[in-house]
Every structure is written in C-alpha cells, then in structure tokens.
Amino acid sequence: MSREHAHPARTAWLVVAGLVAFMLLLAGCGSSDSGSSTSSNELQKLGKGEGQVNLISWAGYVEPEWTKPFEKESGCKVNDKVAGTSDEMVQLMRTGQYDGVSASGNATARLVDGGDVSPVNVSLVPNYKTIFSDLKNQPYNTFEGVHYGIPHGRGANLLMWNPENVKPAPDSWDVILDPKKAAKYSGKISAYDDPIYIADAAVYLKYHQPDLKIESPYELNEEQFEAAVTLLEEQRPYVGEYWSDAAKQISAFAGGDSEVGTTWQYQYFALKGEGKPVAASPASQGFLPKEGATGWSDTWMISSKAQHPNCMYMWMNYIVSPKANAEVAEYFGEAPAQSLACAQTVDKEFCSKYHAEEPEFWKRVYYWETPLADCGNGSSDCKDYNDWVKAWTSIKG
Amino acid sequence: MSRRLASFFHGRPRLQVGALLAGPMGWLAIGYLGSLAVLLIAAFWSVDPLSGEIVHNLGLENFETLVNEPVYRHIIQRTVVVAALVTVTDAVLAFPIAFYMAKVATRRGKAILVVAVLLPLWSSYLVKVYAWRTMLSAGGVINWALAPLGLHGPGFGVTAVWLVMSYLWLPYMVLPIYAGLERIPNSLISASEDLGASPFTTFRRVILPLSFPAVVAGSIFTFALTLGDYITPKLVSNDQFIGNVISTNISSDLPFASALALVPIVVMVAYLLVARKLGAFEHV
Chain A
1 MSREHAHPAR TAWLVVAGLV AFMLLLAGCG SSDSGSSTSS NELQKLGKGE
51 GQVNLISWAG YVEPEWTKPF EKESGCKVND KVAGTSDEMV QLMRTGQYDG
101 VSASGNATAR LVDGGDVSPV NVSLVPNYKT IFSDLKNQPY NTFEGVHYGI
151 PHGRGANLLM WNPENVKPAP DSWDVILDPK KAAKYSGKIS AYDDPIYIAD
201 AAVYLKYHQP DLKIESPYEL NEEQFEAAVT LLEEQRPYVG EYWSDAAKQI
251 SAFAGGDSEV GTTWQYQYFA LKGEGKPVAA SPASQGFLPK EGATGWSDTW
301 MISSKAQHPN CMYMWMNYIV SPKANAEVAE YFGEAPAQSL ACAQTVDKEF
351 CSKYHAEEPE FWKRVYYWET PLADCGNGSS DCKDYNDWVK AWTSIKG
Chain B
398 MSRRLASFFH GRPRLQVGAL LAGPMGWLAI GYLGSLAVLL IAAFWSVDPL
448 SGEIVHNLGL ENFETLVNEP VYRHIIQRTV VVAALVTVTD AVLAFPIAFY
498 MAKVATRRGK AILVVAVLLP LWSSYLVKVY AWRTMLSAGG VINWALAPLG
548 LHGPGFGVTA VWLVMSYLWL PYMVLPIYAG LERIPNSLIS ASEDLGASPF
598 TTFRRVILPL SFPAVVAGSI FTFALTLGDY ITPKLVSNDQ FIGNVISTNI
648 SSDLPFASAL ALVPIVVMVA YLLVARKLGA FEHV
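Protein chains in written order, with this note's numbering: chain A, 1 to 397; chain B, 398 to 681.
Please keep in mind that the hints were generated in silico from the structure rather than gathered at the bench.
Among the clues, some could well be false.
To be verified - Dumping the calculated DSS-like pairs for lysine-lysine here, alpha-carbon to alpha-carbon at most 25 Å:
1) A:290 <-> A:353
2) A:305 <-> A:272
3) A:248 <-> B:674
4) A:248 <-> A:48
5) A:323 <-> A:290
6) B:525 <-> A:81
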C-alpha cells in the first residue's frame with residue numbers, strides 16, 4: 001500500500017477554495033438580512049459619558065477652539081474625521097465606526113433610508129428649543145414626523161469671480177450658465193464636481209424658464225431634468241475645471257486657471273486672506289445672484305450603531321449651545337442655527353450679515369436635498385439620485 | 398502541550414503544510430479573493446429605482462449599460478489608452494537609466510542612482526500631484542519657461558494626466574529593469590561583441606530578449622497603477638477615468654460600481670495573458 005503524498009500546491013488550493021466558499025457563504029448570509037430595518041429606537045434617558053465620541057464632519061466644524069471646552073466639561077474626547085463630500089460622509093457612516101455626522105440635506109435621506117442613523121430624542125437636547133423655527137421639521141431632518149437630527153447651521157453657495165477680468169460684476173448665474181455669456185470666459189469657469197450641481201442648473205431654469213414649472217430644484221421630472229442636463233452639457237465646453245475639494249479650487253483661482261464659478265464661503269475667505277483678487281456676491285447683498293442659489297443646511301445625526309450615544313447626545317447639545325454655535329458659525333462663515341448664538345458672536349453684526357434671523361431670505365436658498373423618485377406630491381416620476389449620478393457622468397463625458 | 402502538538406503533527410505532512418499555510422492563505426483568500434468574489438457577485442445585482450436599495454437578483458443590466466452607453470465606452474477607452482501610453486513612455490525612459498545603473502555606473506554611482514530613483518517614492522503621492530498641478534497651471538512654471546519660445550504648456554487635460562502618471566510610476570519601471578539587467582552576465586555581452594555583433598545587434602539579440610521579462614514586470618506595475626488611479630485625473634484634468642466613475646457611483650449604485658470595477662481586472666488579465674504569450678514569464 002503506497003502512502004499518498006499531498007502535493008503542497010494542491011493543498012494550498014484546497015485551503016483557498018474552502019475559504020472562498022466560506023466567504024461566499026458569509027456574503028450570502030450577510031446580504032439576506034441587510035434589507036431589514038436596523039434603526040434602533042431613540043435614546044430615552046441620558047446616561048454617563050463613555051469617554052469619547054467619533055465624529056464625521058465638514059472641514060471647519062470640529063476645531064480645538066470649541067472642542068477643548070467640550071472635552072473638559074463632558075469628559076468625552078472628540079475624535080474627528082473630515083469628509084469632503086456628502087457621498088463620502090454616507091460611505092463613512094455605513095462603516096458603523098462613527099457615532100455621528102454633520103450631514104447636509106443631500107445625505108440625510110440616504111442615511112435614514114439605509115438605517116444608518118437613529119431618531120434623535122430632542123427632549124434630551126435642551127438647546128434644541130431655541131433653534132430657529134424655520135430649521136425645524138424640515139424635509140431633510142424630519143422624516144414622517146420623526147426628528148433625525150439637530151440643525152447646525154446653514155449657508156448659500158456663492159458665485160465668485162476675479163474682478164480684474166470679469167467685468168461688469170455679475171449679478172446672475174447666467175455668467176456661467178447662459179452659453180452665450182459663458183463663452184466669454186471659456187476655459188476659466190469653475191463648476192462644482194458633484195451630481196448635486198444639476199440643481200444649480202434647475203435653480204437657474206426655475207427663474208428663466210417659468211414654463212418648465214420647476215418647484216424644487218431637487219424634485220425634477222423627466223422634462224425638467226432633461227432641460228437642466230442639457231444646460232450643463234452646453235456649459236461643459238466652457239468649464240475650465242470641475243472642483244470637488246476646496247484646496248483644488250483655491251489653487252485654480254490663485255493660479256489664474258479659474259476666474260468665475262460657484263464656491264463656498266470657505267474658499268472665498270481663504271483666497272481673500274491670501275490677498276488674491278476675488279469678489280463674491282457679498283454678504284451685504286445677501287450672497288445671492290438674482291435667481292437665488294443652492295445652499296446647505298447641516299444636521300448633526302447619530303449613528304444607529306453608535307458606541308458612545310451619551311457622548312454623542314452631549315456633543316449635539318453642546319454644538320448648538322449659544323457660544324459654541326456662534327464660534328463655529330463665525331469660523332466657517334455660515335448662519336448659526338441657534339437663535340441665542342447671535343448675542344455671542346464676536347462681530348456683533350454677524351447674524352444680520354448672514355441673514356440668520358430672516359426667514360424670508362432663506363426662501364430663495366434651496367438647501368441640498370437627496371433627489372428621490374417620490375416628488376412629494378404623490379407622484380413618483382421624479383428622477384432619483386442614481387439618475388442624477390448617471391447624468392452627471394454623461395455631462396462630464 | 399507543545400510536545401503533544403509536535404507529536405500530533407509528526408508523520409502527517411498534509412496537516413503540517415495545511416497548518417503552515419492556513420495563516421497566509423487565509424489572509425489571501427478572505428482579504429483578497431473573498432472580496433473579489435463578493436465584488437464579482439455584486440456586479441450582477443441591481444438597485445431598485447424607487448427605494449434605492451440593492452436588489453439581490455442576478456442580472457446583466459449593469460454590463461448592458463456599460464456596453465450600450467457610449468460615455469462608458471469612451472471612458473474605458475481613454476483609461477486604457479492612457480495606461481498604455483504611460484507604460485510605453487516609462488519603458489522608453491527607464492531602459493537607458495536602468496542600463497546605465499546596471500552596466501556602466503561605478504559601484505558608488507550605482508548607489509547614488511538607486512537612491513535617486515527611490516527618492517520620489519518617499520514623498521507623499523498627493524504632494525507630487527499637487528506640485529504638478531501648480532507647474533501645469535496657467536501661471537505655472539511650465540508656461541513661464543515656454544513663453545520665450547512663443548509656446549505654452551499642455552494645461553490641464555489628458556496630456557497632463559499622461560505626463561503626471563508617467564512621472565509618478567517611473568520608479569516602478571526602473572527598478573525591475575535594473576534588477577533584470579543586473580542578472581545578465583557581462584560575459585554574454587562580451588561574447589556577442591567578440592563574435593562581431595554591432596552594439597545595436599547585441600542590444601537587439603542579447604540584451605533585449607534577456608531583459609524582456611523585467612520590462613514586462615515593470616509594465617504590469619505602470620499599467621495597473623494607471624488603470625486604477627482616480628486622484629490624478631481629478632486634480633489635473635476634467636476627464637473621467639474608470640476610477641472616477643466608480644467613485645461617483647459607489648454610494649448610489651454599488652452594483653454598477655462593482656461591474657465597472659471588473660473592467661480593469663478583465664483588462665489586466667488579458668494583458669497578463671498576452672504577456673505570457675510573448676514569453677515574458679519563461680525565464681523568471
């Protein structure tokens with residue numbers, strides 16, 4: 001009887017094959033239960049802090065100036081991960097390794113739908129009471145009557161230009177969206193590199209083509225969507241650069257590659273600080289070109305898998321406390337969400353400059369929302385975010 | 398305990414090999430092949446248009462979109478063409494450098510050159526790409542240097558991506574070729590010369606065939622790295638590469654992103670098969 005000798009390579013392959021089969025089994029099991037709702041119930045009673053809290057935030061939202069006092073008073077050490085886009089925030093939250101996120105309106109619905117975040121018990125957040133009422137119960141933070149977050153602050157996307165070469169000073173988005181006018185700055189136009197930029201075209205069309213009957217730039221039916229996409233396709237040859245991170249746009253304006261385009265306060269102030277020639281629809285004129293503008297209203301949300309829920313609740317209460325909210329708003333250049341913050345700002349005119357207390361003003365700012373097939377009027381023939389993503393790929397080519 | 402374990406394994410070669418390989422093979426299988434398998438399966442799933450949830454039914458829609466929508470064809474073409482151009486450029490640039498390092502330079506010069514080739518790898522990828530971005534910008538040093546000649550630089554675009562990628566991946570081409578040339582005995586070159594071959598013939602009939610596997614090894618790096626990169630295209634052009642489309646789709650349509658992620662894998666497998674056909678792996 002001859003003794004059988006295993007060939008090492010064959011053994012190795014057997015091990016690999018076995019493990020792959022095991023993985024597939026795991027993947028199969030994992031996927032079968034992922035469809036069910038995983039959102040746990042909201043916290044009923046605040047307990048003792050867990051010693052730390054892991055956050056995902058926009059750049060400039062979690063800075064030592066106001067996190068140090070929080071750490072001292074709550075005993076929760078703050079670990080922050082800065083995200084560049086809403087998509088990145090959604091992906092990071094899905095890892096389940098974070099306690100909370102400062103989500104913009106184009107991420108909140110996705111997080112709620114995906115069961116990544118839990119409802120927030122606002123009675124455990126005392127500072128919620130004095131938040132501006134026009135920020136409460138909004139479609140991007142309250143779903144079917146359930147609160148899913150604490151409003152943080154809001155702002156509008158700006159039109160920025162180089163006053164040395166862009167004359168006269170534009171008061172309308174037509175300078176970059178009307179093909180005839182955009183041609184004048186061919187190769188020097190800067191546009192935001194994200195599917196949500198289609199909404200900027202929709203805001204423009206809402207004003208200039210009323211017969212399209214656009215209500216919300218995030219709820220677009222086939223015809224309205226096509227019109228917006230066509231507008232951006234016409235804009236494409238004149239775009240010098242699509243930007244998705246702030247540093248890229250700052251270097252483009254500083255180096256002369258871009259001269260006019262859509263931006264955030266952050267880049268505008270950074271370039272001004274470097275002494276570069278930039279102008280933007282200024283705060284004194286309400287930031288807004290005549291069509292209005294897209295904007296954002298950010299919400300602190302708590303993960304459904306939060307490891308440190310008590311610390312997260314303490315953080316949510318702290319960041320909308322009058323002093324901290326004033327600090328973050330002035331640092332970032334946005335309107336605070338906390339009505340009592342206006343008395344705490346270093347610049348006493350800050351709230352009036354940023355129109356924090358004027359609900360009328362914000363009616364012309366269209367906060368980012370996740371485009372959904374459900375148009376909000378009962379019909380579901382709107383283009384959803386996936387359509388927006390596909391269209392965006394085609395626009396850029 | 399350990400003695401009992403040892404006596405247990407004694408005379409059981411199959412178990413010995415199995416226990417030894419379980420760790421690394423497990424890592425390979427779960428961390429690498431396992432995730433590839435999940436990727437492969439996910440590519441056949443789809444997303445429910447109403448809820449945006451992933452539907453776990455196998456179908457070919459994602460691949461149909463990839464084939465039928467011209468925009469994706471263009472993006473795949475663009476990516477593959479740039480990857481090929483970068484590979485050829487790097488091979489042409491790297492060969493003389495590697496040859497000088499392996500056959501001409503003194504021991505000291507060799508050490509200095511190896512460090513010089515490795516040096517760029519010590520600095521951050523992002524810093525290098527941003528440096529190129531600054532150089533290529535309208536007011537950058539390239540335009541400034543070309544201005545007296547009445548020329549201007551390529552600006553941002555596919556050409557810029559080609560330039561930056563060729564720069565970034567050059568060390569990955571130089572090092573394998575250098576290692577390959579080092580292994581060619583000098584006596585072979587002398588013999589070729591003694592038999593009356595011209596330098597060019599020696600290069601064509603002796604050095605090139607013997608170093609070909611090394612060139613292919615380097616090209617696998619440059620080609621694969623270019624296929625997968627999405628940050629450089631984002632920073633120095635407006636043109637989308639495969640990686641960019643994957644990254645924009647990943648949160649809204651994971652199955653489609655997976656299908657797209659299979660494209661570089663398929664291209665790479667085809668590339669390796671062609672390389673094998675050309676005999677690249679025979680002398681390794």
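These are the hints, each one checked on the structure:
1. A:290 <-> A:353: Judged against 25 Å, a Cα distance of about 18 Å means the pair holds.
2. A:305 <-> A:272: 41 Å, violated
3. A:248 <-> B:674: Given that 25 Å is the threshold and the Cα spacing comes to 44 Å, the pair is violated.
4. A:248 <-> A:48: 43 Å, violated
5. A:323 <-> A:290: 33 Å, violated
6. B:525 <-> A:81: 24 Å, holds
In this structure, the earlier hints numbered 2, 3, 4 and 5 are contradicted, and the remaining ones agree with it.
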